[in-house]
Structures are given as C-alpha cells and as structure tokens.
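Each chain, written out:
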Amino acid sequence: MTTQGDVLVSIQRIARRFGDVVALDDVSIDIRDNEFFALLGPSGCGKTTLLRVLAGFEEPDAGQVLLGDTDLLALPPHRRPVNLMFQSYALFPHMSVERNVAYGLEREGTAKAEVRTRVGEVLETVGLSELAKRRPSQLSGGQRQRVALARAIVKRPRLLLLDEPLSALDRKVRAEMQLELKRLQHDVGITFVVVTHDQEEAMSMADRIAVMHEGTVQQVDSPVDLYQRPSNLFVAQFIGTSNLFAGDAVTGGIRFAGRTLPGVVVGEPISGASRLLVRPEDTVLVEPRDALLSGRVIETQFFGGVSTVAITVAGHDVPVLLTRQGAPSAVRDAEVHLSWDPAKAVVLSA
Amino acid sequence: MTSADLVPGRGASRRRARVERVVFLGPGIGYLIAFMAIPVLLILSLTIFKRGRFGGVVYQPTIENFIRAFDPIYLSVLGNSLVIASITTVLALALGYPTAYGIAKLAPKWRTIALIAVVLPFWTNFLIRTYAWIVLLNSEGPINKSLVGAGLIHQPLELLYTRGAVVAGLLYAYIPLMILPLYASIERLDPQLREAAANLGASPWRTFRDVTLPLTLPGAIIGSIFVFVPSMGNFIIPELLGGGKTVMVGNLIRDQFLKARDWPFGAVLALALIMFLVALFALQSWVTRRLNGGGRT
Chain A
1 MTTQGDVLVS IQRIARRFGD VVALDDVSID IRDNEFFALL GPSGCGKTTL LRVLAGFEEP
61 DAGQVLLGDT DLLALPPHRR PVNLMFQSYA LFPHMSVERN VAYGLEREGT AKAEVRTRVG
121 EVLETVGLSE LAKRRPSQLS GGQRQRVALA RAIVKRPRLL LLDEPLSALD RKVRAEMQLE
181 LKRLQHDVGI TFVVVTHDQE EAMSMADRIA VMHEGTVQQV DSPVDLYQRP SNLFVAQFIG
241 TSNLFAGDAV TGGIRFAGRT LPGVVVGEPI SGASRLLVRP EDTVLVEPRD ALLSGRVIET
301 QFFGGVSTVA ITVAGHDVPV LLTRQGAPSA VRDAEVHLSW DPAKAVVLSA
Chain B
1 MTSADLVPGR GASRRRARVE RVVFLGPGIG YLIAFMAIPV LLILSLTIFK RGRFGGVVYQ
61 PTIENFIRAF DPIYLSVLGN SLVIASITTV LALALGYPTA YGIAKLAPKW RTIALIAVVL
121 PFWTNFLIRT YAWIVLLNSE GPINKSLVGA GLIHQPLELL YTRGAVVAGL LYAYIPLMIL
181 PLYASIERLD PQLREAAANL GASPWRTFRD VTLPLTLPGA IIGSIFVFVP SMGNFIIPEL
241 LGGGKTVMVG NLIRDQFLKA RDWPFGAVLA LALIMFLVAL FALQSWVTRR LNGGGRT
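As given, the protein sequences belong to chains A and B, one line each in that order. Residues 1 to 350, numbered by the numbering used here, are exactly what the first sequence covers, in order. Residues 1 to 297, numbered by the numbering used here, are exactly what the second sequence covers, in order.
This is chain B alone, in the form it adopts within the complex (with noise of 0.2 Å):
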C-alpha cells in the first residue's frame, strides 16, 4: 500500500487527473495519429523500396533511393528552398518585429483592430490571393504600368516569375504567422524590465538590446519557425509567381509523386524535408530553454 493510498482523496484525484489528460487530449492526439502519423509512417516506409517502371511500388529493399537524393541537382533544390524560405523569414522578421511591436504600444481599442487587419487576408482563399499577386506584377500589372505612366521606366520591368516574386508572395502569404507570436511576447513583457534598465542608465536602444530583444526572442523563433517551414515546403506560390523556374523542395517532392511516379524518392525527398524541419525545432527548444533561464521558471 502505498502513501497516497492512506490519504483518501489524494489518490481519487490524481486519477481523476489522468481521466482528464486522457478526455482532453486523447480527441487530438488520436486525430493526429490516424490521419497524421500513419500516412507519414506508410509514406516513409516507402523509401526503401525500387519504383515500378510505370509508376507503383516494387517491394525490394534499396538504398538508391538515398544515394540518389546526394546527388547535386536535389541538393541544389533543397539549397535554393533554403536559401528563398531563409530570404521570406528574414525579411518578415526585419518587417513583422517592428510591426508587433507598434501594435502591441497602441491603446487597447486600435490594438484589436490591427490584429483583426493582421489576420484578414485569411479570410479570402489562398489561391484567390496568389493569382492577384500575378495581376499584380505582370507587364501590364498597375505596378508596371504607373511606373511607365511616371516616365521612371520605358520598358515593363520583368517582376513576375522571379526569384523575388516567389519571396513576395511567401511573406505575404506567411507574414501574419511571424506578427501574432511576437506580439504575444512584446506585449507580455513586464513595462517595468524596460524601465529597470533606463533606471540603471540605459539608453532606450541598449534596453531594447538588452531586455526587449532578448525577452522576445523565443516569440521571434516561433515566428520565424512558422514562416520558415511552410515556406520551405510550399509548392504553389514558387509555380504560380516563380512560373516554374523557380524549383523548390516542395515542387519536387510534389512532381515525384505526380508527375514521375517515383514514390520512393518522392518519399526519400519528404523524409529529407522532415528531418531538417525536426533538427529546427529542436534547435529552437533548445535555444528558448536556454533564453528562459535553466529550465525553472
């Protein structure tokens, strides 16, 4: 028998805590599981095998798929994604930081309505949105045309279909996701941290360096993390406004499974895609429990 027998109670609600853990979570843990877990599993389980000649799976073991995937034309798509999706991330950053932090400063009434703003363009469908960006930019786009309508250029300038495009397109498209965390740990910070450090003699840019920035940094890694990711792995806006020059991981994974009918190395592909997004993730817990001070709060 043990202690927590003796005491009447104790025991009563601590299995009332675990048939709560379970009602709560079991719900989403189970989704997750069942159309989650199981289709990545059953997808992944597919690398190991050859393709058939005309698409489908052989069932014998391989390792071609792995080699395959070193070889420098997929290392240098997984490169290109790396290097639009670190651009779109940046960038969000460098605009979203100083965003939520103006909201997060305004009088409560307008600090609603700007959040509201910040989430309103998920109100209209994803597609609907990336097709304006083509209006928008194309040579004879209401961009083109009032700069040639000014005299500041003659010829239409080549916008759409560029690397840039693809990036205007990601930060628009992702952007809100960089605002919200971070405001959510600008306006948590406790005013008077900024008001210790003018007090002890710091400038308002050193207390900014020194308590603001670094007390918001765990909200800028999510932020950064929930644009990097599915930038990262977006295919439709690197087609739509990247006209297919631009190939990004997410494009070959979606081709190899479409358009090739190698399901293996698509698998292999989406394997690779996963493994870099795990490695992030731990990364940023790590560096959070680092900033948050030893574990113990």
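The following block holds chain A by itself, in its conformation from the complex (with noise of 0.2 Å):
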C-alpha cells in the first residue's frame, strides 16, 4: 500500500453549465493518492457532473484536471486511466460475467492467459467465480453490483469512480457492501472517488468528503471535522442532526433571548445575523444553576441504544433535540434545563 497524501487528481476550477443551469460553478478539489473520496450533496448539486468529467463523458466549458503530470482533459475517454462504475452498471447483456470482466483488459491487448488469471482473481475477490458463465440478466441486483465492481477494478486504475454504487440495493445488502468498498479499496490500493447523495453511506466509508449544493464545492473535510465543525449553515444542515439557533454573533456565541449561548468560531470571524450549531448529543440536562437554556420535554423517544427527547425553548420555534445513551432521562411535560461545552458548539453565518 502506498502512503496516502500525494495529490493525485488535482481538479481546478471547473464549471459547466447546460443552458441556463449552472451545474458546477468554478470547482476545485485535491484528491489524494490512495484514498476513498466521497463527493457527497443533494441530486443536482453536480456530483455526478463532475464525474462525467473526470470519466471524458462530460466535457467542462472551463478549468483543468490534473491526474499526476498528465493533462486528464486532453484525453479521449477511452484513453484514460480511469475507470466508472455505473449507478445503473450498465453491464453488456450478450455477454457472460466472465467476458464482461475480461472486456477492459482484451482492450488494453492484455495476453489471453493473463486476462484469464486476472479474471479468476478478480471474481474470487468480488465471490463470483461459480456465476462467470451467467449472463447479466440471470443474476440478481447485488451479484450484478459486484460484477461491475469488478469490472472496474480488474484494469487496477490510477482512479475508480464509482457512481451511486450501492443506491439500487436494500439496505441489508448496502450495509454490507459498504464494509466491502471499504475493504476493497484497502485491498487493492486504488484511489476511489464515490458519489452519493447519502450521508451515512458517504461519512461510513470515506476519508474525505466534498459536500456539493448547487454546483460549488461547500467544504471538503473528514467525516469527523465536516461533522463537527462545519463551515457553514448548508454543511451544518446536510450532515447529521442539529439544533440550529437564530441570533446575532457575539464575542464567545451568540445572543439568543436576551442571554449569549456559548459557541466557537471556526475560521474567519462572524458578524450580524447567525446561527449556533449544537448537536443532539453534546446538548445535555443540567441543574437549573448551570442552565443556559430551558424548556419543556413535549416528547422522548427510546430506541434501544439510544434515546431522544424533544424539547420546546421559548424563542425557539422547532423543539430542541437531545438524545443520549440508554433510555430518556426526561419524562413527557417535565420542566427540564439545558447546557453543553461551548468548545462544541459552532457559529455559523446565516
């Protein structure tokens, strides 16, 4: 495995617009070497734009893709050393699994009894190997999956692009295929770049993640740092649960109800209207002394592990949300007082 940290895709500032659509707005990111990417937003936000760019499907109307030295832009499709797993798989029906996977490395002039080694492996590891003679059609949604993972990696490219890969299965299945990728990926050292529009699947697997919205990048972190200190209202919102309060930034937070709810800053300093990021389970039930909010419990909710109670605050127009290990601390109408560690709670500009 090599060491992860070279920037390996360096993509820089592409836009790309259709008619009116503004579907990727002057965008930059650095992909390492080595890593699981996660280009993660709501559909439409120009994630899978952008990886029909970097697949050569999608020509940008501006910018450049590095991959190494190499001008990535300049080279027909079929000329890069990158490879997609399609969100539908788009797996050839006349042919076997077997041929499927052998197609890629057939076109590079791979000699026969190497394709046919490398074929073997590669459906060992994806646990095909009894099904190469099938085609497409006599197999079911997460043994096809697996062939157009394989038909993908079989080529080992510098990049993998994996397009929604695990959107058309249940979710047993899915949970169990992201475990997978992940394994995979660690495997076989390739640098992987998925694109999801679901949070979980995103946050579970990646070691980076870009959050797109409206064809711009919002911010590129680890699932930890988007999680905990988001930069910014939309970031804030798409990644997990959040209790978001209204007011206008302060020194230390931000003043809500006449009193200032403790906060940090991340980056540059927030003036005017704002809003404070507290997550459910750093928002804690205190004595009334150590309070910094109070309200009253409308609901609890227990769902084994884990517990939440909903809290309505005045000024406050959605209940505050708490939750915690094990079962509710609060019953149903009780008066109850709220506090967290201000190092965990975030200012954000509204």
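Treat the hints with care, since some could be wrong.
Okay, the calculated beta carbon distance ranges per label pair [to be verified]: (1) B:L291 <-> A:G68: 40 to 46 Å; (2) B:F35 <-> A:S88: 44 to 50 Å; (3) B:P72 <-> A:S88: 53 to 59 Å; (4) B:P191 <-> A:A273: 43 to 49 Å.
Derived coverage of chain B by chain A (criterion: at least 3 residues anywhere in the stretch with Cβ under 8 Å from a Cβ of chain A; other residues may be distant) [stated by the list, open to error]: (5) 183-197; (6) 202-214.
Bear in mind the hints are in silico, worked out from the structure with no lab data behind them. Glycine is no exception: its CB is placed at the ideal position from the N, C-alpha and C atoms.
Two chains, two frames, a set of hints: combine them into the complex.
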C-alpha cells in the first residue's frame, strides 16, 4: 500500500453549464493518492456531472484536471486511466460475467493467459467465481453490482469512480457492501471517488468528503470534521441532525432571547445574523443553576441503544433535540434545563 | 379442489385473464384464420392434383407438380429472385443503418420530422410511385437527359428494364421497413453501455463493433426480413421496371394462376416460397434468442 497524501487528481476551477442551469461553478478539489473520497450532495448539486467530467463523458466549459502530471481533459474517454462503475451498472447484456470483466483487459491488449488469470482473481475477490458463465440477466441486483465492480477494478486503474454504487441495493445488502467496498479499497490500493447523496454512506466509507450544493463545493473535510466543524449552514444542516439557534454574533457565541449562548467560531470572524449549531448528543440536561436554556419536554423516544428527548424552548420555533445513551433521562411535560460544552458548539454565518 | 380455488380472487383473476386474452386476441386471429389461413390452405391443397386441360383442377392425386418444380428453369427463377431480394436487402441495410443511427442521434423534435419523412412515400399509391421510376429511368428521362446534357455520355444509358432498375425499385419501396425497426432498436439502446465500453478502453469503432452492432442486430434482422420477404414475392416492380425480362418467383406464380391457368403448379411454387420464408423466420427467431442471452431477460 502506497502512502496516502500526495495529490493524485487536481481538479482546478471546473465550470459547466447546461443552458441556464449551472451544473458546476468554479469547482476545485484535490484528491489524494490512495484515498477513499466521496462527493456528497443532494440530487442536482453537480456531483454526477463532475464524475462524468473525470470519465470524459462531459466536457467542462472551463478549468482543468490533472492526474499526476497528465492533462486528463486532453485525453479521449477510452484513453483515460480512469474506470467508472455506473449507477445502472451498464453491464453488457450479450456477454457473460466473465467476458464483461475481461473486456477492459482485452482492449489493453493483455495476453490471453493473463486475462484469464486476472479475471479469475477478481471474480474470486468479489465472490462470483461460480457465476462466471452466466449472463447479467440471470443475476440478482447485488450480484450485478459485484460484476460491475469487478469489471471496473480488473484494469487496476489509478482512479476508480463509483456513481451511486449502492443505491440500487436494499438496505441490508447495502450495509454489507459498504464494508466490503472499504475493505476492497484498502486491499487493492486504488484511489476511489464515490458519488452519493446518502450522507451515512459517505460518512461510513470515505476518508474525506466534498459536500456539494448547487454546483459549488461547500466544504472538503474528513467525516469527523464535517460533522463537528461544518464551515457553513448548508453543511451543518445537510450532515447529521442539528439544533440551530438564530441570533446575532457576539464575542464567544450568539445573542439569543436576552442571553449569550456560548460557542466557537471556526475560521473567519462572524458578525451580524448567525446561527449556533449544537449537536443533539452534545446537549445535556443540567441543574437549573448551570442552565444555558430551559424548556419543557414534549416527547421522548427510546430506540434501544439511544433515546431522544424533544424540548420546546421559548423563542425557538422547532423543538430542541437531545440524544443520550440508554433510556430517556426525562419524562414528558417535565421542566428541564439544558447546557453544552461551548467548545462543541459552532457559530455559523446565517 | 386446487389450491387456487382456496384463495378467493385468484381463480377469478385467472379466469379474467383468460377472458381478456380471448377479447384482445380473438378478432385479429379470427380475421387471419378466415381470410388468410383458410384461402392459403385451399390453394395449397391443390398441389397434389392434376391441372385440367383448359385450366381448372382435376381431382386426381399426383406428385408431378412437385417434380416439375425442380426443373432447372424454375430453380433458376427462384435463384434469380433470391439474388435480387438479397441484393436489395443488403443495400437497404447498408443505407438504412446509418440513416436510422443518424435519426436516433437527432434532437427529439427533428427525430419526429425525420421519421415522418421516412414514411412519407407510403402516403402515395405504390403503383404511381413505381410508374414515376419509369419516367425517371427511361432513355428520355431526367437522369439520361441531364447526363447527356452535361456531356458525360453521348448515348442515353440503358437504365430501365434491367436488373438494376428492379433492385432500385424494390429498395425504394421497402427501405422504410428497414429503417423503422432499426431506428427502434438503436434508440432503445442504453447510451451508458457505449460509455461503459469507452470507459474500458474501446475506441469508438470498437464500441460500435462490440456493443452497438450486436445489440441492434435483432432490429437489423427484423428490418432485413421486412425488406426481403416482400422483395422476394414482388411481381409488379419486376414487371414494370424489369420489363418482363427479369422474372422473379412472384411473376412466375402470378403467371401460373392467371396466364397458364395451371393452378396446381402455381400452388406448388407458392408453397415453395412460403416454406422458404418460414425457414427464414425460424432462423431469425433462433438468432435473436441467442443474442438476447439464453432466453431469460
């Protein structure tokens, strides 16, 4: 396994519009060698367009993409050392599993014996050796997904693109495949770029995530940093559940209902209308004298491992959520007092 | 009592499906039986009888008609028809495939216009269109006149009443039947399959050879049959544009029934043509099934 850290793909100021619609607006991202990178965003945010630019099926209006020292955009799609696993899998229906997987190697002019060995190996890796002679129409969704994956990794590309790789699978298979993809990426040592709209999927698999919205990159960070230190309101709302209090920024927090709610500012100083982000699991119940806010419990839910308490707070129009391990710590209609560690609350520009 | 009867609804819905099948398929099948299958069977039943001296049928069994069909004269007519229909089909495929491909790549609005243009000739009478070809090809026609006028040739070319004229006429008449099924199969092809091939390193030509062509072959085969079958049996175009010099099996059958009044032998020739075409359809469905991947889709 090579060391992670050197930049493999440098996406620089890519722009693409379709008529009036801006699909990509000045997008710059560096993807490091051997990392599992995710492009995350709601549908229509431009993530698939960016993937298609990398694969060569979409030509950007401006910008450039470097893969190592190579100008990727100068190469036609079939000459790029980049393989794509399609969302629909796009398996060739008239070829057997084995021939689908061998197709890319044959195009490279790999010797027949070696093609056979490598196809055998990769089918072994994805657990499809027994189904080598089947046609795609004779496979289940999960099996097709594995064939698509095998076909994409058998050429050992420098960069593997995966377009919503797990979206067609049911929940249980999906969770299994998430682990398997992660393991596979580690084993084969290929840089993975996965496009997904599912934040859990991105969070659980990726080393780093680029959150995209309306054609722009909102933040590129590790899952933990995205969650704990979102750089703007969109990221804060898109990733995970959040309590967001509205108020004007002041030193050390925001002004809310006549008092200061404490939090930290990440990056540039913020002034004027702001939001304070506190994650539900960072919100705790305390004695009245230590309270930052007080309110009344309107609902409790117990999920087994964790429980949630919803609390109405005067001056805040949606319930404040609190989660904790184990059973709920309050009962319905009880008067409760809330607090949090100021270091874990983030002030964001509204 | 079967298990289906135990579930209320299930037997009823199955009965309904049966009723629906009869309602939907009944009229069409009934029509075909009454006006296609029965007349054909009546004609084919003549094959084993003798002809009357002045036409008509003498109901004495014989195999003479079948033996006569193997006479080299008739075999050569069949061969000639085969060659003409094959040339027509190959040309229709060669011209029709790029046309269909081009239409499928147009913007949706232009696609509709192009498809209407393809079927536009069908709005005019078939005979009138064929007569137009006589005007076009004869020695005083616009083609010869403009070639002579341009000084390219001194004598008008023999265009009309040739095998080439027959092929041109058949091609013109039936090429829409090639383009339409081809267009349907090209348009239905998932564009991501082509992208997948490119992504795996296939050049555009290779992608066409490995993905586009094999997956649109069923459309090409159907189009070929649509062109080949009516070309093979056609007798109007060989007569009008071939001037009777180019005899095809369609002319032969027509002449046996209407001119020679030898219905039994005409019936044998018709049977031969039908058998030949049935064999062709069997081949087509076999090839298509193989292409579609072992039947399950």
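Status of each hint after checking the structure:
no.: 1; hint: B:L291 <-> A:G68: 40 to 46 Å; verdict: 41 Å, holds
no.: 2; hint: B:F35 <-> A:S88: 44 to 50 Å; verdict: 46 Å, holds
no.: 3; hint: B:P72 <-> A:S88: 53 to 59 Å; verdict: 57 Å, holds
no.: 4; hint: B:P191 <-> A:A273: 43 to 49 Å; verdict: 47 Å, holds
no.: 5; hint: 183-197; verdict: holds (count 6)
no.: 6; hint: 202-214; verdict: holds (count 8)
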